[in-house]
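Sequences listed follow chains A and B, in order. If you count by the working numbering, then the first sequence holds residues 20 to 203, one letter each, in order. If you count by the working numbering, then the second sequence holds residues 42 to 661, one letter each, in order.
Treat the hints with care, since some could be wrong.
[As the list claims (entries may be wrong)] The list that follows gives simulated cross-link-like pairs (lysine-lysine, DSS-like), each with its CA atoms no further than 30 Å apart:
#1 B:LYS452 with A:LYS142
#2 A:LYS158 with B:LYS259
#3 B:LYS354 with B:LYS294
#4 B:LYS105 with B:LYS209
#5 B:LYS259 with B:LYS425
#6 B:LYS259 with A:LYS190
#7 A:LYS190 with A:LYS95
#8 B:LYS425 with B:LYS627
#9 A:LYS190 with B:LYS452
#10 A:LYS190 with A:LYS142
#11 B:LYS452 with B:LYS531
#12 B:LYS502 with A:LYS158
#13 B:LYS354 with A:LYS190
#14 A:LYS142 with B:LYS502
#15 A:LYS95 with B:LYS259
#16 B:LYS121 with A:LYS95
[What the hints assert, rightly or not] Now the in silico label distances, taken between C-beta atoms and shown as ranges:
#17 B:LYS627 with A:GLN159: 53 to 61 Å
#18 B:GLY367 with A:ASN137: 50 to 58 Å
#19 A:ALA113 with B:ASP595: 19 to 27 Å
#20 B:SER479 with A:ASP196: 27 to 35 Å
#21 B:ALA141 with A:ALA123: 52 to 60 Å
Worth flagging that the hints you see were computed from the coordinates, not collected in a lab. Don't be surprised by glycine CBs; every beta carbon is placed ideally from N, CA and C.
Chain by chain, the residues run as shown.
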Amino acid sequence: MSRTSAAAGKASTSSSHFELFGLAARFQLDAVALERAYREIQARVHPDRFAHAGDAERRASLQWTTRVNEAYRALKNPVQRASHLLALHGVDVAFETNTAMAPAFLAQQMELREALENATHSKDAGALGALQQSIARDKQTLENRLAQRIDSEKDYAAAAGLVREMQFLEKLEAEIDGAYELIE
Amino acid sequence: MALLQISEPGMSPAPHERRLAVGIDLGTTNSLVATVRNGVATVLPDAQGRPLLPSIVRYHPDGKVEVGYAAQARQADDPKNTIVSVKRFMGRGVRDVDHAQNAPYDFVDAPGMLRLRTATGVKSPVEVSAEILKVLRERAELALGDALAGSVITVPAYFDEAQRQATKDAGRLAGLNVLRLLNEPTAAAIAYGLDNASEGTFAVYDLGGGTFDLSILKLSRGVFEVVATSGDSMLGGDDFDQRVFCWIVEQAKLAPLSPRDMRLLLVRAREAKEYLTLHGEAQITTKLSTGEFVDVTLDTETFCRITQTLVQKTLGPVRKALRDAGLAVNDVQGVVMVGGATRMPQIQRAVAEFFRRDPLNNLDPDKVVALGAAMQANVLAGNKPQGEDWLLLDVIPLSLGVETMGGLVEKIIPRNSTIPAARGREFTTFKDGQTGMSFHVVQGERELVSDCRSLARFELKGIPPMAAGAARVRVTYQVDADGLLSVGAKEATTGAEASVTVKPSYGLADADIERMLRDSFSHAKEDVHARALTEARVDGERLVEATRSALAADAALLAPEHRQPIDRALAALEKALASSDHRAIKQAVDTLNRATEPFAERRMDEGIRRALAGKKIGSL
Numbered sequence: 020m021s022r023t024s025a026a027a028g029k030a031s032t033s034s035s036h037f038e039l040f041g042l043a044a045r046f047q048l049d050a051v052a053l054e055r056a057y058r059e060i061q062a063r064v065h066p067d068r069f070a071h072a073g074d075a076e077r078r079a080s081l082q083w084t085t086r087v088n089e090a091y092r093a094l095k096n097p098v099q100r101a102s103h104l105l106a107l108h109g110v111d112v113a114f115e116t117n118t119a120m121a122p123a124f125l126a127q128q129m130e131l132r133e134a135l136e137n138a139t140h141s142k143d144a145g146a147l148g149a150l151q152q153s154i155a156r157d158k159q160t161l162e163n164r165l166a167q168r169i170d171s172e173k174d175y176a177a178a179a180g181l182v183r184e185m186q187f188l189e190k191l192e193a194e195i196d197g198a199y200e201l202i203e
Numbered sequence: 042m043a044l045l046q047i048s049e050p051g052m053s054p055a056p057h058e059r060r061l062a063v064g065i066d067l068g069t070t071n072s073l074v075a076t077v078r079n080g081v082a083t084v085l086p087d088a089q090g091r092p093l094l095p096s097i098v099r100y101h102p103d104g105k106v107e108v109g110y111a112a113q114a115r116q117a118d119d120p121k122n123t124i125v126s127v128k129r130f131m132g133r134g135v136r137d138v139d140h141a142q143n144a145p146y147d148f149v150d151a152p153g154m155l156r157l158r159t160a161t162g163v164k165s166p167v168e169v170s171a172e173i174l175k176v177l178r179e180r181a182e183l184a185l186g187d188a189l190a191g192s193v194i195t196v197p198a199y200f201d202e203a204q205r206q207a208t209k210d211a212g213r214l215a216g217l218n219v220l221r222l223l224n225e226p227t228a229a230a231i232a233y234g235l236d237n238a239s240e241g242t243f244a245v246y247d248l249g250g251g252t253f254d255l256s257i258l259k260l261s262r263g264v265f266e267v268v269a270t271s272g273d274s275m276l277g278g279d280d281f282d283q284r285v286f287c288w289i290v291e292q293a294k295l296a297p298l299s300p301r302d303m304r305l306l307l308v309r310a311r312e313a314k315e316y317l318t319l320h321g322e323a324q325i326t327t328k329l330s331t332g333e334f335v336d337v338t339l340d341t342e343t344f345c346r347i348t349q350t351l352v353q354k355t356l357g358p359v360r361k362a363l364r365d366a367g368l369a370v371n372d373v374q375g376v377v378m379v380g381g382a383t384r385m386p387q388i389q390r391a392v393a394e395f396f397r398r399d400p401l402n403n404l405d406p407d408k409v410v411a412l413g414a415a416m417q418a419n420v421l422a423g424n425k426p427q428g429e430d431w432l433l434l435d436v437i438p439l440s441l442g443v444e445t446m447g448g449l450v451e452k453i454i455p456r457n458s459t460i461p462a463a464r465g466r467e468f469t470t471f472k473d474g475q476t477g478m479s480f481h482v483v484q485g486e487r488e489l490v491s492d493c494r495s496l497a498r499f500e501l502k503g504i505p506p507m508a509a510g511a512a513r514v515r516v517t518y519q520v521d522a523d524g525l526l527s528v529g530a531k532e533a534t535t536g537a538e539a540s541v542t543v544k545p546s547y548g549l550a551d552a553d554i555e556r557m558l559r560d561s562f563s564h565a566k567e568d569v570h571a572r573a574l575t576e577a578r579v580d581g582e583r584l585v586e587a588t589r590s591a592l593a594a595d596a597a598l599l600a601p602e603h604r605q606p607i608d609r610a611l612a613a614l615e616k617a618l619a620s621s622d623h624r625a626i627k628q629a630v631d632t633l634n635r636a637t638e639p640f641a642e643r644r645m646d647e648g649i650r651r652a653l654a655g656k657k658i659g660s661l
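Using the sequences plus the hints, can you model the full thing?
Structure, rendered in structure tokens:
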């Protein structure tokens with residue numbers, strides 16, 4: 020029992036997501052290198068490799084694969100990747116509340132939400148699509164700014180504000196998905 | 042054709058080196074078993090050469106059980122005791138079943154999963170499915186000449202936790218060592234991808250007898266990655282039969298029917314549907330037990346009209362999967378058609394129109410799932426050398442969450458997460474001095490608990506009394522490679538630990554399964570003890586072999602003080618294997634498993650180190 024929990028601890032706390040994949044801890048990420056490292060690790064630890072093995076190896080494989088999947092998912096998502104990087108530098112995005120959201124950003128969010136409501140109300144899939152594209156563009160801009168703040172300027176407190184803006188946009192994207200299901 | 046293989050003189054593999062493994066497609070309408078022989082996946086036919094086994098089970102008053110064609114032939118004579126499409130009832134209550142009033146069964150409502158009252162007694166859908174699996178296991182053992190080392194059973198990708206657990210239980214009840222539950226569209230993609238050496242993004246449109254799945258996969262050399270999956274676990278060819286059935290009743294102005302006539306007309310409806318695949322109209326004639334004659338003609342146009350909404354219903358999940366994958370229709374390079382129901386021309390047309398390309402039909406839609414499952418079973422059994430095998434990355438179809446205040450769902454693991462997956466979330470107490478918390482585990486996409494499927498409830502007790510909001514209770518969800526969930530909760534602020542683990546069960550506790558196992562043997566010729574011994578031996582030999590090959594590969598990773606207990610436990614297991622005491626074998630297996638834990642962890646660490654050192658393996 021103690022050995023099992025030790026293994027679980029090891030698989031879940033081992034260093035940063037970046038180290039796990041042998042990558043530099045930067046916001047700007049080499050997506051191809053990440054995917055290659057992910058697949059090479061999975062090829063060695065995945066439960067399918069150990070389906071005929073003993074319990075001990077199957078358990079260790081399950082724990083490692085879980086850890087690798089979670090790290091991969093986190094690194095692929097810009098909000099989670101940025102939050103992870105900031106956490107590595109001791110900045111907690113959730114507790115960094117002293118920076119108020121810019122009024123211009125909030126006004127823009129209100130507009131986007133109104134557009135979403137109108138599109139849902141009039142069952143306009145085209146308008147939803149246009150909204151999605153506009154959010155995708157805003158996210159791209161935010162990603163560029165995040166790369167600047169984190170990788171070049173190392174201004175983590177300022178980056179935390181941008182991460183929160185990005186969270187707003189992700190939430191909106193999820194709501195657009197929900198709206199598609201409503202109007203279908 | 043693959044060439045037959047001949048070993049080098051003196052190096053011929055012992056019979057046990059090649060582990061007998063099969064893939065089983067446990068279908069709503071038909072089931073199949075397939076295996077890989079001489080490098081080629083083939084479906085194993087019955088003694089009469091028939092590849093399919095109708096998924097029909099008939100219970101006789103004397104306890105005899107008939108499965109397949111024999112049961113099918115008598116289904117209209119004995120509808121109550123002849124169970125068809127039992128897959129629709131797996132992990133389901135009576136309220137979940139569509140057209141329950143049109144089904145000629147004697148349902149018994151039971152917590153978790155419904156039961157069926159038959160001449161042999163009250164049966165759970167798990168027991169009925171196990172009868173089908175048992176016939177396929179015996180068929181495979183006869184064809185392959187030995188006990189099976191392992192099997193892969195396919196499930197619809199959109200099956201939820203309850204349905205998956207029920208399927209795995211049925212496998213266990215049938216005496217199978219289930220290596221993995223594999224999603225049907227993924228199995229089809231393996232068979233298809235390997236057969237055509239395909240690369241790129243593919244959609245698999247799988248309309249079976251009772252379930253619909255749509256999976257989107259990225260295929261690249263050596264990797265099958267499911268990007269998104271969607272579907273409807275209550276939509277299939279059966280629903281088309283149902284529409285035709287209702288149309289006949291309406292056309293012929295029939296009064297309410299007896300169970301026997303109901304089954305008779307459903308069979309005629311199915312025959313008409315199949316006939317219309319290649320013909321413009323189908324004549325439906327039959328004499329009912331009341332003496333009434335039915336004589337109506339169904340043409341293609343009418344058939345398309347009365348099933349139009351069903352065809353459209355499949356396109357909702359298609360759009361949802363594309364959205365989840367972040368892909369547009371023209372990103373998809375091919376659409377693979379799977380399941381007998383995709384033979385209907387209106388389905389082919391609707392899919393072609395939606396994807397703006399002709400769907401791919403070059404593998405038999407009835408066999409492709411079993412063939413893919415056999416290929417995966419062969420890999421899981423370790424019969425393929427590294428470099429020649431492949432990596433399969435699959436996802437969970439439905440979000441897993443927990444109930445919070447006000448009957449709302451907090452999602453913990455979102456749908457389309459790659460499995461295995463684990464995620465935790467912290468919760469706290471609502472009242473001062475609260476020492477217990479109760480958790481409700483749910484599955485589904487909706488915000489209200491009442492709109493999701495309830496999986497399990499459990500309580501965490503022994504939280505030290507604290508002010509409201511001070512306790513820190515971490516709930517962790519772990520989904521394994523079969524898509525099955527286990528949940529744990531732990532309080533951590535004061536260092537006082539309390540934890541609990543639940544495995545959701547659906548009216549079938551382990552004790553129930555034990556009892557069913559015993560019951561099933563009392564009707565069969567097999568001896569319980571002999572079966573237990575065979576299973577323990579297969580398991581034990583597998584472990585001896587796995588340990589040996591691990592030691593051969595990585596003995597250098599082991600410090601002498603860790604090596605000794607392994608060698609001792611290994612010797613003890615080999616000695617136990619020579620005996621005929623299945624309990625002794627099981628005990629020795631447990632001991633060896635414990636002894637190899639540190640070694641297993643070292644090997645896993647080493648695997649990751651090597652992967653990052655850039656030592657590429659074969660095809661990846």
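Checklist entry - Are SER479 of chain B and ASP196 of chain A spaced within 27 to 35 Å by their CB atoms? => result Holds, since SER479 of chain B and ASP196 of chain A (Cβ atoms, about 31 Å apart) stay within the stated range.
Problem set entry | Hint check for ASP595 of chain B and ALA113 of chain A - Cβ pair distance inside 19 to 27 Å | Cβ of ALA113 of chain A to Cβ of ASP595 of chain B: about 43 Å, so the range 19 to 27 Å is violated.
**Asked** Is LYS190 of chain A close enough to LYS452 of chain B, meaning Cα to Cα at most 30 Å?
**Response** Holds - the C-alpha atoms of LYS452 of chain B and LYS190 of chain A are around 14 Å apart, at most 30 Å.
Is LYS425 of chain B close enough to LYS627 of chain B, meaning Cα to Cα at most 30 Å?
holds (27 Å)
Quick one, are LYS121 of chain B and LYS95 of chain A close enough, alpha carbons at most 30 Å? Violated. LYS121 of chain B to LYS95 of chain A sits at ~54 Å, over the 30 Å cutoff.
Just to be careful, I want the Cα atoms of LYS190 of chain A and LYS95 of chain A compared with a cutoff of 30 Å; is the pair within it?
Roughly 17 Å between the alpha carbons, so the hint for LYS190 of chain A and LYS95 of chain A holds.
Given the hinted pair LYS452 of chain B and LYS531 of chain B, is their alpha-carbon gap at most 30 Å? holds (18 Å)
| Taken at face value, is the distance from the CA of LYS294 of chain B to the CA of LYS354 of chain B at most 30 Å? | Between LYS354 of chain B and LYS294 of chain B the Cα gap is close to 28 Å, so the pair holds against 30 Å.
Query raised in the report: LYS354 of chain B and LYS190 of chain A: Cα distance at most 30 Å?
Result: holds (28 Å)
Discussion item. For a C-alpha distance cap of 30 Å, please report whether LYS142 of chain A and LYS502 of chain B respect it.
Written reply: Since the Cα atoms of LYS142 of chain A and LYS502 of chain B sit roughly 48 Å apart, the hinted pair is violated (cutoff 30 Å).
(Q) Check whether the Cα positions of LYS95 of chain A and LYS259 of chain B lie no farther apart than 30 Å. (A) Satisfied, since the Cα-Cα distance of roughly 17 Å is no more than 30 Å.
Subject >> Outcome for the supplied range 50 to 58 Å, where the beta carbon pair is GLY367 of chain B and ASN137 of chain A >> reply: With a Cβ separation near 24 Å, GLY367 of chain B and ASN137 of chain A fall outside 50 to 58 Å, so the hint is violated.
The structure shown violates the earlier hints numbered 12, 14, 16, 18, 19.
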